[in-house]
Amino acid sequence: MSTVAAAAHTAHAHHDDRSFIRKYIFSTDHKIIGIQFLFLSLFFLLVGGILAMQIRWQLGFPGKPMPGGTLLPETMAPGGVILPEYYIQLVTMHGTFMVFFAIMLLLVGVYANFLIPLKIGAHDMAFPRINMASFWSAVASGIVMLASMYVPDGAARAGWTMYVPLSAREDLSGAALGQQLWSVSIILFGLSSVLGSLNYITTVINNRAPGMTWFRMPLSIWALFITAILGLLAVPVLAGAAIMLLFEQVLGTHFFDPASGGQALLWQHLFWFFGHPEVYILILPAMGMVSDMIANGSRKPIFGYHSMVFAICGIAFLGWIVWGHHMFVSGMNPTLGSSFMVSTLLIAVPSAIKVFNWMGTMWRGNLRFHVPMLNAIGFVAMFTIGGLSGIFMAATPVDMFIHDTYFIVAHIHYVLFGGSLFAIFGAIAYWFPKMFGRMMSERWGKVHFWLTMVFYNCTFFPMHIIGMAGHMRRLYDPTIYDFLKPVQPMNEFISWSAFALFASQAIFFVNFWWSMFKGEKAPLNPWEDNGLEWTLPSPAPHGNWETPPTVYRGPYEFSAPGVSEDYLPQTKKLPTDREPALTPAGGH
Amino acid sequence: MSQAMADAMSPPFPAERGLDVYNKKLGMWIFLASEVMFFGALIGSYVILRFGAPGEWARPGVVLNIKITAFNTFLLICSSVSMVKAYASIADGDPKKMKFWLLMTILGGACFVGIQVFEYIHLVERGFLPSGVREGSELAELVTAGTLPGATMGLYGSTFFTMTGFHGFHVTCGVLSMLYLYLTKALPGKFTTTDYAGIEVVGLYWHFVDLVWIILFTIVYLV
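Protein sequence lines correspond, in order, to chains G and A. Each residue of the first sequence is one higher than the one before, counting from 1 in the numbering used here. Each residue of the second sequence is one higher than the one before, counting from 1 in the numbering used here.
Simulated from the structure, these hints should not be mistaken for laboratory data. Among the hints, erroneous ones may be present.
What the hints assert, rightly or not - If you anchor each label on the Cβ, the simulated ranges turn out as follows:
hint, chain 1, residue 1, chain 2, residue 2, range
1, A, Ile68, G, Lys23, 48 to 56 Å
2, G, Trp136, A, Ile121, 30 to 38 Å
3, A, Ile219, G, Ala503, 56 to 64 Å
4, G, Pro334, A, Ile219, 29 to 37 Å
5, G, Met468, A, His207, 54 to 62 Å
6, G, Asp171, A, Ile77, 58 to 66 Å
7, G, Pro523, A, Leu32, 42 to 50 Å
8, G, Asp153, A, His207, 44 to 52 Å
9, A, Ile219, G, Phe215, 41 to 49 Å
10, G, Asp153, A, Ile68, 41 to 49 Å
11, A, Thr144, G, Pro78, 47 to 55 Å
12, G, Asp153, A, Val84, 23 to 31 Å
13, G, Thr576, A, Asp94, 26 to 34 Å
14, A, Val81, G, Pro334, 47 to 55 Å
By construction, the Cβ of each residue, glycine as well, lies at the ideal position given by its N, Cα and C atoms.
With these hints in hand, go ahead and build the complete structure from the sequences.
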């Protein structure tokens, strides 16, 4: 950690005589844990990206030897040509690593941990040691998942959605230990996730500083809080399902085995009952952080703060009753299908409210196009496209045709990459100074943003088109189908764009690591923001505050009348402010 | 909960508290919510599989020993009572009695697990496995004789062992936690009338585990 001037330090710090191991390795400090999650998740983002590059090689140039492919074992890619058995492992593990170990850890593991105590005025999480356990169980989970790719028979290969019977039966998939390790890893991940959630929920409910009422919390914290509730309730269902899948292979149980009275569809219901709240876990924190960044970049209060909160709650609530829309083609009763269609279409409403409110925030604002703002605006635009394609899927008759095609893949990547990942790039740049005491390069951040924006759209937009042409998901060789031959040039184009997209991320990685050591030293409040974290030194000290700050207003008082600057920190007391009705140290 | 305990359990600095429940207890309630979802997934699957089963389900008491398990259920319920007594003792300022009742609870829980393990061994010996009925075993003969429905024994075994196994795992974790508290805090006298959060929190967990068992006993053994 960079040292901070003594004067500023003594105002806030505790005497810190922890050893190096206790300070940086087995730390209970939420900020260190957040940074640990950042390093872990960025590593897995890279792993997921490398897997994607191999997928794109095979799709763009089917049957051709891949550069570097001779490094792979003969069982996976003889002569560098990817085998179908390996291809489906690539597809499965790309999804698994990206969903769980990249996006979930980046959004929740990093930012719930780093931001919650800072932005609500707490010393740390409610249960710091449980927080540490949450990180290390995520590490264990990641190691097991990586290991699953190196066992002799290879990794799990039934898609990240692990449908039975392919996932349950070794004789069908060829994967035994690899599949079992996938299940074990997911169970460990579930433990990590639940431990984290209970920390975030308790901390937000009970550890807010005086004056930090519910409706003075930043939207990033609201989103992280609601996300934690979703995770708390949905992830255990996945854990239960993964346990049942593990037992199916290891103990010979018959949950999903029709020959013995089991039901294959049971897996789908269990998985998607988790899976749909999961996708809101993958987007809500991004939405919350985007709200913070857009209000800051617009120098205006967020438009419709209360409706933004209710929209987050609405999306989270509705997310529980739509899971069947992933199963429209499973043969369900059409009446049941219609009820899922209606509830799914309804989710568009709170989502659209949020999009309009972001636009309303920017409208006639004194716009500052700093790197976080660019990425946040990119989020709004790309998420809108992803959400619009979702409307097509919500309509059951349309979904009959586009289910399991690249139209779905386009949707997924528009909301997860165009949405969540752009928000993450923005958030990393935004809170980097508070994490590391230095600024990321603004120029290279902009170069990275524009290159990514161009290549990302070139990669994923055409997927809508080839999907409508009937290009299936998880397909090894499109050229064996006559009806797909016309779109094969598009596959090539997508692959070239994907390679360029991946290469562009080198700019981000270099910017990130170089700035950590050589970046411009960060002031207290580089973005002139109102949140509590910006009143602390960069980086923030252990324990955050000696005594919790007092909060006098909400977090979006930009361009407030009667104030000389265009921002007004939450903790700054004006002559007209009253002290909050202090809850005494007995907490009643 | 006494006012003194409430004051002791709140953080020593002013805070905007959302709920009048101290953090450790709130954390346990939230954790139990996740456990409800976990057991809900297992129990819900059991219900779906049983109602959708391709044939009759085994009649109660043929495979499983209801008498011993009924005693076990009674034992677990009694351990919940002793847990309450432990909590009441320390709330009233009697650490000696609390230690006694906590020990009783630990013993009750440990006996429950022990009897369950004994039952599992016996069931496996008779040929009952998570995969169903073992060929050539005593239960296999009952299937041939028609006393047990062969078509659903696979599901019966799968659901039985998974649900009761995970419940047993949770009881074991509870026993170990209580033992840890007993050795590190109860015996050295660290629980006082103003600080017994550990007892209350582990008590909540223990009552939850008991409640899940009552549900499981009913829908797995009796029905």
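Right, here's what the structure says about each hint:
1. A:Ile68 x G:Lys23: 48 to 56 Å: Given a distance of about 53 Å, which is inside 48 to 56 Å, the answer is holds.
2. G:Trp136 x A:Ile121: 30 to 38 Å: holds (35 Å)
3. A:Ile219 x G:Ala503: 56 to 64 Å: holds (57 Å)
4. G:Pro334 x A:Ile219: 29 to 37 Å: The hint (29 to 37 Å, Cβ to Cβ) holds, given that proline 334 of chain G and isoleucine 219 of chain A are roughly 32 Å apart.
5. G:Met468 x A:His207: 54 to 62 Å: For histidine 207 of chain A against methionine 468 of chain G, whose Cβ atoms are near 55 Å apart, the range 54 to 62 Å holds.
6. G:Asp171 x A:Ile77: 58 to 66 Å: violated (46 Å)
7. G:Pro523 x A:Leu32: 42 to 50 Å: holds (45 Å)
8. G:Asp153 x A:His207: 44 to 52 Å: holds (45 Å)
9. A:Ile219 x G:Phe215: 41 to 49 Å: Cβ of isoleucine 219 of chain A to Cβ of phenylalanine 215 of chain G: about 44 Å, so the range 41 to 49 Å holds.
10. G:Asp153 x A:Ile68: 41 to 49 Å: The hint (41 to 49 Å, Cβ to Cβ) holds, given that aspartate 153 of chain G and isoleucine 68 of chain A are roughly 43 Å apart.
11. A:Thr144 x G:Pro78: 47 to 55 Å: holds (51 Å)
12. G:Asp153 x A:Val84: 23 to 31 Å: Violated - the Cβ-Cβ distance for aspartate 153 of chain G and valine 84 of chain A, about 52 Å, lies outside 23 to 31 Å.
13. G:Thr576 x A:Asp94: 26 to 34 Å: This hint is violated: roughly 54 Å between Cβ atoms.
14. A:Val81 x G:Pro334: 47 to 55 Å: holds (52 Å)
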